[in-house]
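Undergrad: Those sequence lines, one after another, are chains A and B. Going by my numbering, the first sequence opens with residue 1, and the numbers climb by one from there. Going by my numbering, the second sequence opens with residue 459, and the numbers climb by one from there.
Don't read these hints as lab results, they were simulated from the structure. Certain hints may be false.
Stated by the list, open to error - Okay, derived cross-link-like pairs now, BS3-like style, lysine-lysine, Cα gap no bigger than 30 Å in a straight line:
#: 1; chain 1: A; residue 1: LYS361; chain 2: B; residue 2: LYS734
#: 2; chain 1: B; residue 1: LYS652; chain 2: B; residue 2: LYS668
#: 3; chain 1: A; residue 1: LYS361; chain 2: B; residue 2: LYS668
#: 4; chain 1: B; residue 1: LYS668; chain 2: B; residue 2: LYS514
#: 5; chain 1: A; residue 1: LYS210; chain 2: B; residue 2: LYS736
#: 6; chain 1: B; residue 1: LYS738; chain 2: A; residue 2: LYS210
#: 7; chain 1: B; residue 1: LYS668; chain 2: A; residue 2: LYS109
#: 8; chain 1: A; residue 1: LYS278; chain 2: B; residue 2: LYS819
Protein chains: 2
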Amino acid sequence: MNYAAFDTYLKENHDRLIEDYKDFVRQPSVAATGQGMIEMAAIVARRLAGLGFDVKVVPTEGNFPPVVWAELGDGPRELLIYNHYDVQPAEPFDLWESPPFEPTIRDGKMFGRGVLDDKGELVARIHAIEAWLKTQGPLPFKIKWLIEGEEEISSPHLHAWVERHTDWLHKPNGSPLDGCIWEFGGYTESGRNKLTFGVKGICYVELHAKTVDHDLHSSLAAIAPNAAWRLVWALSTLKDQSERIQLDGYYDHVRAPTPAEEEILRDQPFEEAAMKAKWKVDSFVTGVTGYDAVKRLYFQPTCTIAGITTGWQGTGAKTVMPAHASAKIDFRLVPNLTPEIVVDSLRRHLDKHGFQDIEIKLLGGYRSEISDVTAPIVQASKNAVRRVEGVDPEMELLSPGSGPMYSLSSFIGGVPVVCLGFGHPDARIHSPNEHILLDYYYKGMRHFGVFVDEFGKI
Amino acid sequence: MNYAAFDTYLKENHDRLIEDYKDFVRQPSVAATGQGMIEMAAIVARRLAGLGFDVKVVPTEGNFPPVVWAELGDGPRELLIYNHYDVQPAEPFDLWESPPFEPTIRDGKMFGRGVLDDKGELVARIHAIEAWLKTQGPLPFKIKWLIEGEEEISSPHLHAWVERHTDWLHKPNGSPLDGCIWEFGGYTESGRNKLTFGVKGICYVELHAKTVDHDLHSSLAAIAPNAAWRLVWALSTLKDQSERIQLDGYYDHVRAPTPAEEEILRDQPFEEAAMKAKWKVDSFVTGVTGYDAVKRLYFQPTCTIAGITTGWQGTGAKTVMPAHASAKIDFRLVPNLTPEIVVDSLRRHLDKHGFQDIEIKLLGGYRSEISDVTAPIVQASKNAVRRVEGVDPEMELLSPGSGPMYSLSSFIGGVPVVCLGFGHPDARIHSPNEHILLDYYYKGMRHFGVFVDEFGKI
Chain A
1 MNYAAFDTYL
11 KENHDRLIED
21 YKDFVRQPSV
31 AATGQGMIEM
41 AAIVARRLAG
51 LGFDVKVVPT
61 EGNFPPVVWA
71 ELGDGPRELL
81 IYNHYDVQPA
91 EPFDLWESPP
101 FEPTIRDGKM
111 FGRGVLDDKG
121 ELVARIHAIE
131 AWLKTQGPLP
141 FKIKWLIEGE
151 EEISSPHLHA
161 WVERHTDWLH
171 KPNGSPLDGC
181 IWEFGGYTES
191 GRNKLTFGVK
201 GICYVELHAK
211 TVDHDLHSSL
221 AAIAPNAAWR
231 LVWALSTLKD
241 QSERIQLDGY
251 YDHVRAPTPA
261 EEEILRDQPF
271 EEAAMKAKWK
281 VDSFVTGVTG
291 YDAVKRLYFQ
301 PTCTIAGITT
311 GWQGTGAKTV
321 MPAHASAKID
331 FRLVPNLTPE
341 IVVDSLRRHL
351 DKHGFQDIEI
361 KLLGGYRSEI
371 SDVTAPIVQA
381 SKNAVRRVEG
391 VDPEMELLSP
401 GSGPMYSLSS
411 FIGGVPVVCL
421 GFGHPDARIH
431 SPNEHILLDY
441 YYKGMRHFGV
451 FVDEFGKI
Chain B
459 MNYAAFDTYL
469 KENHDRLIED
479 YKDFVRQPSV
489 AATGQGMIEM
499 AAIVARRLAG
509 LGFDVKVVPT
519 EGNFPPVVWA
529 ELGDGPRELL
539 IYNHYDVQPA
549 EPFDLWESPP
559 FEPTIRDGKM
569 FGRGVLDDKG
579 ELVARIHAIE
589 AWLKTQGPLP
599 FKIKWLIEGE
609 EEISSPHLHA
619 WVERHTDWLH
629 KPNGSPLDGC
639 IWEFGGYTES
649 GRNKLTFGVK
659 GICYVELHAK
669 TVDHDLHSSL
679 AAIAPNAAWR
689 LVWALSTLKD
699 QSERIQLDGY
709 YDHVRAPTPA
719 EEEILRDQPF
729 EEAAMKAKWK
739 VDSFVTGVTG
749 YDAVKRLYFQ
759 PTCTIAGITT
769 GWQGTGAKTV
779 MPAHASAKID
789 FRLVPNLTPE
799 IVVDSLRRHL
809 DKHGFQDIEI
819 KLLGGYRSEI
829 SDVTAPIVQA
839 SKNAVRRVEG
849 VDPEMELLSP
859 GSGPMYSLSS
869 FIGGVPVVCL
879 GFGHPDARIH
889 SPNEHILLDY
899 YYKGMRHFGV
909 FVDEFGKI
C-alpha cells in the first residue's frame, strides 16, 4: 500500500472526519429504551452506501432494531466485521460534564455516549476504508460487515438472525469466512495496543417479586407481605459474602484454563495497581491479587446485581410497603456455562429456597468464546499494529466483557476472531463521561488501513 | 346546641364547602420533596384567620416547613387539635385514575393525594367550626390548633418545636391541656365509626452502601466490589424469613399488652377477611390469624424495606455494576422501643456483621404512645359519635400507624388523646387513588360539631 498517501488523506480530511464522527454520536440510539434506533440504522446504512457498499437493512425477528449488512470488495478471501450501532443508556445525566449526545472535545478527548462503545470503532473503520478506497483503489478482499442494534442489551435477536442468514456468513463454496474483526479492542494503561481473541458469555435476567395487590401503608407491615423483602431474601441466597455463587452444580461447569491458555494469560497485561487507584479500592473482592486475580477475572463466572427497583426512591421518607420489587442480574459466563444452564439453575435454586413466587425474565444472553490465536488473521493484525506503533501488540486471550462472538465464530464454522481497536482503560464506557483519546482514534484508523493491506497478503 | 341549625348550615353551604375542600387538595404539599409547603401553610393560616383564629406561622428549626398555630375561644377548658398540611408523594403517577392534585368526584367519592390524609380531617374540622360559629355563637372552650408540615416524613422538627413552645402547650396556670383531638380517625369495614387512643412509634432511616469510585462495566464484577450486593447482604441480616428482626436485644424492649389493654384489644374491630381480600393474599405473614394477628399488628415491632435504589432501573438490560446503593427502612415501634434504641442497635448490628461501611442516615422518628382511655374527652367523643350515628363507636386501643403523639401527650403532662375522624379502610392513603367517601365527610363534620358541644359540657 502507499501508506504516505493513506496517511496524508486522513490528515487533510481531519476536520470533516471529526464532524462525521460527531454526527454518529449526536444521534441517540439506546437499545434499552428503543430511542433513536431506526434513525441510527439509517445513518449507518447511508454512510456505508456512500462508500460503495451494497447495504441491506435487515429486520430481526419481531421487528426489533434491524441488522445493517454491508458488502464490498471481491476476491476469494472474505473478512467479517462486527460492530453495533446501539449504545448504553446515558443515565445518570447529572454526572455528565457535557451532554451525552452532544459530542464535545476537551483536552485531546472527545466525550459522548457511545463515542467509543461502539460508534468509535465503527467510525474509525469507515474512515480507514474511505481513505483506502480514495488512495489505494479497490479492497483486496471481500468485506462482509454486520452492524447490529442490540448488543448493549445482550443481542436478544442476533443468533436467530445468524441462523436465518447462515449462507451470507459463509463463502459461496460453503467454507467458513477467513476471519472476523470484532467490535472493540484497545490499549493498555501503559499505552500498548492489545489484541484480544475471546469474550466471556453473559446471561441477563430480571427477577420480579409481587406480594399484595397494591402498595400498602407501612403500618401494616407486621401482617402484610413485602415484595422488597421477598426480593432481598431471594437475592441474598444467590451469592454469599465470600463471592461464591450458590446455584447447585454451578461450578461443575467451570473449567480451569488449559496450559496453552495459561501461557497467554500469564503474559497478558493486567494493570492491578492502576485499576485499584482508579476505582479507589484497597483490594479486589476476596482479596485476590496478581495472577490469581487474572484467572478469577477471565475464568470465573459472576453474578452481578446491575439494578434494583422497589418502593419509594425519591428524597426523604415515604411510609410505604412495596407490592412489587425487581432486580436486574448480569451473569458473566465461562466456557461450558451457557445462558440456558444459568436460567435453569436459577429457577431450580429459587424454587428450592421457597421462592417459587419470584418470576425470572430472560433479557438476553450469549455463550463465551475463545477463538484460535494461531490463525492468519492474528498475524495480519499483529503486523498492522507493529507497522503503525513500531512495537508488537500485547496479546489478551479473552476480554472479561461479553458479546455475541460465539454466534459469529464457532457457530458459523469456526471463524477466527481478533479484537483490534483503539479504546483505552479509562474510557468510562457504560458510565457517565464516556470518552476517547483522539490520538488513539487517529492510530485506530491507521491500524485498520494497514490491516487491510496485511490481510490482503495472507 | 341547636343541631338543626348547625345541620342546615352545612347543607345550605354544601357546594361552597366542597370547593373550599378541593382548594386544599389542589395545592401540592409534599414534605418529602418540599413541593408547595410554604404555599400550603399560607392557605391554612388564611382560612383559620378568616374564622377569627389568632394564627401564627411559626418556623421550625433550620427553616423547614413551619408549624401553623391557631387559637380561638375562651374559658378554663382547653382543647388541642393536631393536624398536618403535608401529604405523601403522589408517585407512581401512572397508577392514578385522575391526577392526584386535581380533586375529582366520582361515585360519591372524592379522589386526590391528601384528600383524606390529612387535608380531609383538617377541612372537616374547619367546616364544623365555621358552622358552629355561624349557628351557635362563640366556642364554649379554647381551641389550640397545631398544624405541622412534616408528619409524612416522621416530623423531624416537631419535638424540638414542642420543647420550645411548652408554655403554649399548657394552660396559663401550668396544668396540662384537657384533651387532644388527633389528626386521623375513621370507620371500620362494616361502617362503624371507631375511636383510637394511641399510635405505634416509628424510626425511618436510609442505608447507604458505597464501594468503587464510579459505576463500572459489569464485566469487572469478578474482582470489583458491588454496592448493590453489599446492601442486599446487609439488609438480609436485618430480618429473617420468619419475620424475626435480628438486631441484638431488640425483643427485650417488646412487652406484652397489659390485661387492661388486652380487654380493649380483644373487642376492637379487626376485619381479617376484608383485608386479605383487598390485598389479594391468602394469609398474613407467618400465617398469623385472629387475635394473634391483632397482637402482632399492634404489639410487635416491624422492619420494613420502603424502597431500594441502585444501578440501572430503566427498561431492558444495562451491564453496569453500581458504585452506590441505598435503601429506606421503616421500623414501627412498640412501647419502650425508642428511635434512639433502633439507631443504636442497627449500628451495632451492622458493625458486628462486617458492614461498618454501610452508612445510616436517620430521617425521623417518634415513640409510641397509648393514651388514657378513661379521660373525659373519651366520653365526650363517644357521645358525639352516638348522637350523630345512633350507635356507639368501636374502641381501638391504638393504631398500627404512627405519629408524634408522644410529644403532644405524655411529653406535655399527659394530655389524653382521641382519634376522631372519618377515614375508611379502603381510602388508599399513601397509595395511588387516595379517596374519601363524601358521606363520611358529611358525618365527620357533624361528629366534630357535636363533640364541641359535648366537650363544652364535661
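Undergrad: For each hint, tell me whether it holds in the structure or not.
TA: Hints, verified against the model:
{"no.": "1", "hint": "A/LYS361 <-> B/LYS734", "result": "holds, 28 Å"}
{"no.": "2", "hint": "B/LYS652 <-> B/LYS668", "result": "violated, 47 Å"}
{"no.": "3", "hint": "A/LYS361 <-> B/LYS668", "result": "holds, 28 Å"}
{"no.": "4", "hint": "B/LYS668 <-> B/LYS514", "result": "violated, 44 Å"}
{"no.": "5", "hint": "A/LYS210 <-> B/LYS736", "result": "holds, 15 Å"}
{"no.": "6", "hint": "B/LYS738 <-> A/LYS210", "result": "holds, 11 Å"}
{"no.": "7", "hint": "B/LYS668 <-> A/LYS109", "result": "holds, 29 Å"}
{"no.": "8", "hint": "A/LYS278 <-> B/LYS819", "result": "holds, 27 Å"}
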